[in-house]
Amino acid sequence: MRTPLVMGNWKLNGTKGSVRALIKDFETTAQAAKNVQVAVFPPTIFIDQVAVLVEKTCIEWGAQDISTNVSGAYTGETSPMMVKEFGAKYSLVGHSERRQYHNETDQIVAAKFVTIQKHGLVPVLCIGETLEQREKNETTQVVESQLKAVVELAGIKALGNCVIAYEPVWAIGTGKVATSEQAQEVHAHIRLWLSKQDKSVADKVQILYGGSVKASSAKELFEQEDIDGGLVGGAALIAEEFIGIINGAK
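First residue of the sequence shown: 17, per my numbering; consecutive thereafter.
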């Protein structure tokens, strides 16, 4: 049985005050949800603050992005060893915004995936199709291609120690949400594709839905057989919404 996992990606948002208040507001709910894992991804500048705030809680955290370089003349980059030193468990990799705005190819994503695991972090591998690709019925080809790039470099067993987040790009920040049936269909296909490579990996890996999850839609989404939780964007910044999503995963 896979443990439900709810992750909040704060993206480029927050102040010291809002970070403190947000964690305080949902901490009790996270602590009470014994059968649900909860994690957040703060902007890099708030990593130290978050590490201190969640130190004595069950809340885990990760980096929004890491460099494939451990150290050196790479201005603006963040090393996996740096975030690991502060207590990170996870790192996002391949988020659609990194693919779109930073031109990260499947090969770059795969290289980052390997670096994340090499330094003791758990990759949260984001995959998903654009609206144009969906309208062309290319969803399955897109997610398979994105998975295949990682498998070719890291091996299928590496996916047994990661989280996969299916994020239909057309549903991110738009307020649109795939129906629970649409989301389940893609999640089931992802698990089936993995199963053809290694059934034990497919059975074990948590596959999250990452397309504008809200408290009102969380329970129905998370009740689907192959949806193991959510990678939450905007709603993760609103304590009431995030609390509702955590409760929807129970």
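Don't take every hint at face value.
Here are the computed lysine to aspartate or glutamate pairs in the EDC-like style, where the Cα-Cα straight-line distance is at most 20 Å [said to hold, decoys possible]:
#1 266 to 76
#2 266 to 239
#3 173 to 219
#4 173 to 239
#5 266 to 43
Since the hints were made in silico from the structure, they are not lab data.
Output the numbers, in ascending order, of every earlier hint that fails for this structure.
-> 4
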